[in-house]
Amino acid sequence: MTAALPISLEVNGEPVDAHVLPRLNLADFLREHLKLTGTHVGCEHGVCGACTVRVNGETVRSCLMLAVQTHGASVETIEGLSDSGEIADLQAAFRDRNALQCGFCTPGMLVAAQDLLQQETEPDRERIREHLSGNYCRCTGYQAIIDAVETTARARMGRKP
Amino acid sequence: MTVASANPDRLTVLDRPNSYIGKVVPRPNLERLMQGRGLYVSDMELPRMAHVVFLRSPHAHAKIIGIDAVEARRMPNVIAVVTGRELATVITPWVGVLSHLKGLKSAPQHAIAIDRVCWQGEAVAAVVATSRAVAEDAAESVRVEYQELDAVTDMRAALDPETPVIHPSLGDNLAFERNLDAGAVDAAFAESDEVAEADFIFGRHTGVTLEPRAVVADWNIAEQRLTVYQGTQAPHMVQNIAALHLGLADSQVRVVCKDVGGSFGIKVHIYADEMATYALSKLLRRPVKFVADRVESFNTDIHARDHRCKGRIGVKRDGTITAFEIDDLTGIGPYSMYPRTSAIEANQVVNLVGGPYRTKNYRARARVVFQNKNLMCQYRAVGHPIACSVTEGLVDLVASKIGMDPVEIRRRNLIADDAYPCASPSGLRFEQLSHHAAMSKLMTMMGYDALRAEQTALRKKNIHHGIGIASFIEVTNPSAAFYGVGGARISSQDGVAVRLDATGSVICQTSITEQGQGSESLTAQIVGSVLGVSMERVRVILGDTDNTPYGGGTWASRGAGIGGEAALQAAKILRKNVLDIAATILQSSPAELDIVNNAVVTASDGSPRIELRELARIVYFRPDTLPPGIQAELMATRHFVPREYPFAFTNGVQASWIEVDTDTGFVKLLKHWVVEDCGTIINPQLVDEQIRGGVVQGLGAALFEKCIYDERGQLTNANMADYLVPMSGEMPDIDVGHVVSPTTESELGAKGAGEAGTAGAAAAVANAVNDALKPFGAIITEIPLTPQVILTALGRI
Amino acid sequence: MKASAFSYARATSVANALELLVAYGDKAKVLSGGQSLMPAMNLRLISPELIVDIGEITELRGIAVRGDILSIGALTRHVDLLRSPEIAAHAPLLTEAAAHVAHPAIRNRGTLGGSLAHADPASELPASVVALNATIVVSGQTGERRIAAGEFFTGIYETALSAQELLIAVEVPVAQKNSAHFFHEFARRHGDYAIAGLAAQAIVQAGLFTELRAAFFAVGDRPILAKAATKLINIRITPAVLAEASATLGEELDPQEDQQASAAMRRHLAKILLARCASALLGPPAAGGPV
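Protein chains in written order, with the numbering used here: chain A, 1 to 161; chain B, 1 to 797; chain C, 1 to 291.
Pulled out of the complex, with its shape left as it was, chain A reads as follows (with noise of 0.2 Å):
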């Protein structure tokens, strides 16, 4: 049973047929099989945040969870989320405000941002920042980040009748 077994799924909304070895995780399975290279591995035991991805519209630490286990699941990685122009109000706010600077954190820190924005509307510093705690960023000191999904929050806010 440690042979390769298959799965399908669907990634960035297209379908994806794969046999994959029970060991691999979702994070290795978008980067070495998908070549979704977006999907970042900093750490390899779900501390670091960097490969943090959606699962059925919900973020997960995508080296802690089996690519069998997303058989019949929905995925969605940074690659989708830019390509189908979600986000593309919070990345210019992140590019507006220089809120990454080596930019390997920066589409888990996206992902899990748009997690927070999608819960709540308004949410204040504090709260963008617990929401954001499991990400580590190394570089920018983290107050560019809080700044550019407040920005994005305030934005939508503004949008909404």
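Derived by calculation from the structure, the hints in this document are not laboratory data.
Any given hint could be a false lead.
Covered by chain C, according to a simulated footprint, are these stretches of chain A (three or more residues, beta-carbon under 8 Å) [claimed, not checked]: (1) 11-25; (2) 52-59; (3) 145-159.
Chain A side only, calculated, beta carbon under 10 Å to chain C, not exhaustive [unchecked claim]: (4) Asp28; (5) Val47; (6) His71; (7) Ser74; (8) Ala92; (9) Val111; (10) Leu116; (11) Glu130.
Here's a subset of chain B near chain C, in silico, CB distances under 10 Å, partners left out [stated by the list, open to error]: (12) Thr130; (13) Ser131; (14) Arg132; (15) Asp501; (16) Ala502; (17) Gly504; (18) Thr664; (19) Phe666; (20) Phe704; (21) Lys706; (22) Gly729; (23) Gln788.
We treat Cβ as the ideally placed atom computed from N, Cα and C, and that holds for glycine.
Following the hints, put chains B and C in place on chain A, whose structure we already have.
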């Protein structure tokens, strides 16, 4: 707020219409990184690429009796298992010493250990397989027989006669010692009204770049060329070192550096496992990829800051500081790191202590010892946090003794803003600093007096807030004095080539590198401004030894100041060349023309004359229409290195506002302020974010980060759950202000800003905690300031 | 850092899972949310031969109130605990505790059953179910067993659950009239494991505790239901009363020392938690602050 430059004419070339200098401009490379479309080394795959996993010593110090890899070699998809002895046939060992650090000694270090391992984590064999997972499986079945040796772990005992000598051929465990005695220290202390002293203890910590170190080495035997894809800050240094130890000419090695997931000095060194990866590619004749996993990162990325420093300060009743004295001890692991050496941090501590202040009386001793722990070397703000914490801690201690406000004592002792140029007792030469202007600005930004009043009011409610101040100086723009004079082939100059292509766009190749600081952006901003070309028409190429001028790279806060000046000078030449040919085409004179908004215009009224696109078309495709003898040169190259000052010192001051829960020992960071002076600011946003990121690295050191070794030399918290990095939930907002004193060493006037945040943050926090604890009579001179440390100091446990 | 090879079985029912567990014994590991198991496997701290994925077993899901019992399926995730109106109404201690578990992405996967079966002495939910006097329902080949939460946790990562059994649900007595709860932990950073924590469930009448179940965590090898709490029952809390309870607490705790805190520090923090609990639920003591 900006203090006007002494010579306002100097910046004309940058003050041109549509200048990008001093403006917030988004970095051109952000979009790719935000969409997950960057290319980090860990993303790379090449045909026939194999993966290497290093089997690492579980012991801090042991003899290798034997390695049995028979079973591992038989496993499916395993390509090779290579021992240190086997690898030594293709790569030679190295010794991490430099001649200007007199007396520094170290022992030969191999890419993979041969007879003996000297720290837990040193590689003893390389397992190469078709995937990382398979290589890890095979590594588990390699059996190594060790004979454990006594480990030297406590730096304080390293020099005791009964302590084993790690490298017997060196005679003792002392790697380096420096002594300095300036002024009349004994007399100064004798004349002091008060003297304060303390032992300052700094936790060993490490960089924790989010992308671990990664390299893909590709030896093409047919071409006899090695291509190294590596996240490095210094591609030409890697090229030279790889060639030297593999027996190749530099021209046989190409180093390519794409996106880099954080560096901070971690990725400016030559690591044994990276050297082994180059060698394995040569040995196996195929691309080999090494990506450190997080545990390996903790065990092998350089550590830093493990210092114990005894400090002493004297003061007159009126607040005049009479003298500083320090005795610094640091343990660097079993080898001095290659090629920059592990003596630099202690050397910097000696250089920098007391640096902001007027006193000329200063005595220092620094000793650097070997021990069986992971290697220590230069990490962001090398030596600065230690020097700053010791200096500023002592200043606060002695201010408290004479009952003087911490700000007041600093104002009475900081070097006057009009006293420059001058030199420090340790021989540092300062061109122009602005300590007093910075302090004044800080006071305004933080509302110092109001905060003091708030602190007093809160104390009555048993709520304990503290204010900590830390002035600092910062080494930037290093000349050859840093490494080159000691014999290291590490370039201190950088080069930039700028060319106008056939459609009027600009291609710019620079030897500085990008790890997120904004090298690409600042280069494009400077080139665009000087040339009169919009930034989106400027493409910057960096990180490729085949395709950029030769230079140092990005480290020690040199990218903007040195690489930026080279860009400015190259762009000026190209501009002149463009105007010359434009004058020919337009039958005008260069002096009457200018370039604005991608077009040559009449200088006097800005009226458009010829688009650069059109000029380029003529030059490249219809040169036959130009007069005989006219050859356009639409490419220009310039290099730059500071010559007058060995380093461009900058200065600044930080303040921290914190709350201590005296029941639990937990510290809450409420607010942080920084005022710094990095000279000309090319992009204010990039500078501010460098400062903020640097501050948070310092805050991590102040409260959280520590590599915890046990007495047997085992790193016991080599994972991200146990090694605590600063996360967003605990970090404060940080206000950043500037004073601007450009350096006259360059036309650009820019100094560095990469170290400033880290230099003073921990000192400010430690002073704030001590300020908060004043009613309890507790003084702490140790970081990280954990709840355990604070509760212990309070006598609660 | 890649997990060793293992076999994988997606269990289709509790019975199916039990068959696999019986067949493989210690060599199998149950994969629920995986948020503790996966790091351990990635680090090769454990290398099971078989992973039994129970994630698709629908009978392990669901939150329901039956009479005065709130039944929570083992696969209930931390995020489900946080969002459930039934939990908020009947066991608000769990709502609050779940908010302290790690970070959102972890809470989206981690499960109540997984957390209890893993039995990390520093984690929030084991102590909470002890404070709530919950019953752990486990299923084996011979049928179901109900184990009082206070007896379920037997040591560091050790429980009364055998390798052939599956934790299937938790039954919590619904909160009574006048019940109150307190949850607090001292952790170095948001989402970190606590260095000392307290989950407490109480009944407060006329400014007195008539009942107080104070379950401390990260101060022993399992959640510790403090006997010291009895010193605070049916008595007006004065500094002297609190001091006596604190002293008793200090004696009954035998905390471990680790990199974050010494035993003495954990004892000290536990006392602070007890005082803050009393103060939070009853108001500050009559004379002087609690600590």
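Verification of the hints:
1. 11-25: Holds: 4 residues of the segment 11-25 of chain A have a Cβ under 8 Å from chain C.
2. 52-59: holds (count 3)
3. 145-159: Since three or more residues must qualify, the claim that chain C covers the segment 145-159 of chain A is violated, with 0 doing so at under 8 Å.
4. Asp28: holds, 8 Å
5. Val47: This interface hint holds because 8 Å falls under the 10 Å limit.
6. His71: Where the cut-off is 10 Å and the nearest Cβ of chain C is about 8 Å from His71/A, the hint holds.
7. Ser74: Violated, about 14 Å.
8. Ala92: violated, 24 Å
9. Val111: Interface hint status for Val111/A: holds (9 Å vs cutoff 10 Å).
10. Leu116: holds, 8 Å
11. Glu130: Hint holds; Glu130/A Cβ to chain C Cβ min 6 Å, cut 10 Å.
12. Thr130: violated, 13 Å
13. Ser131: For Ser131/B, the interface hint holds, since the closest Cβ of chain C sits about 8 Å away, which is under 10 Å.
14. Arg132: holds, 6 Å
15. Asp501: violated, 45 Å
16. Ala502: violated, 49 Å
17. Gly504: At 48 Å from the nearest chain C Cβ, Gly504/B fails the 10 Å test, so the hint is violated.
18. Thr664: holds, 6 Å
19. Phe666: Result: holds, 7 Å to nearest chain C Cβ.
20. Phe704: holds, 7 Å
21. Lys706: holds, 9 Å
22. Gly729: Since the shortest Cβ distance to chain C is 3 Å, the answer is holds.
23. Gln788: holds, 5 Å
The structure does not agree with the numbered hints 3, 7, 8, 12, 15, 16, 17 stated previously, though it agrees with the rest.
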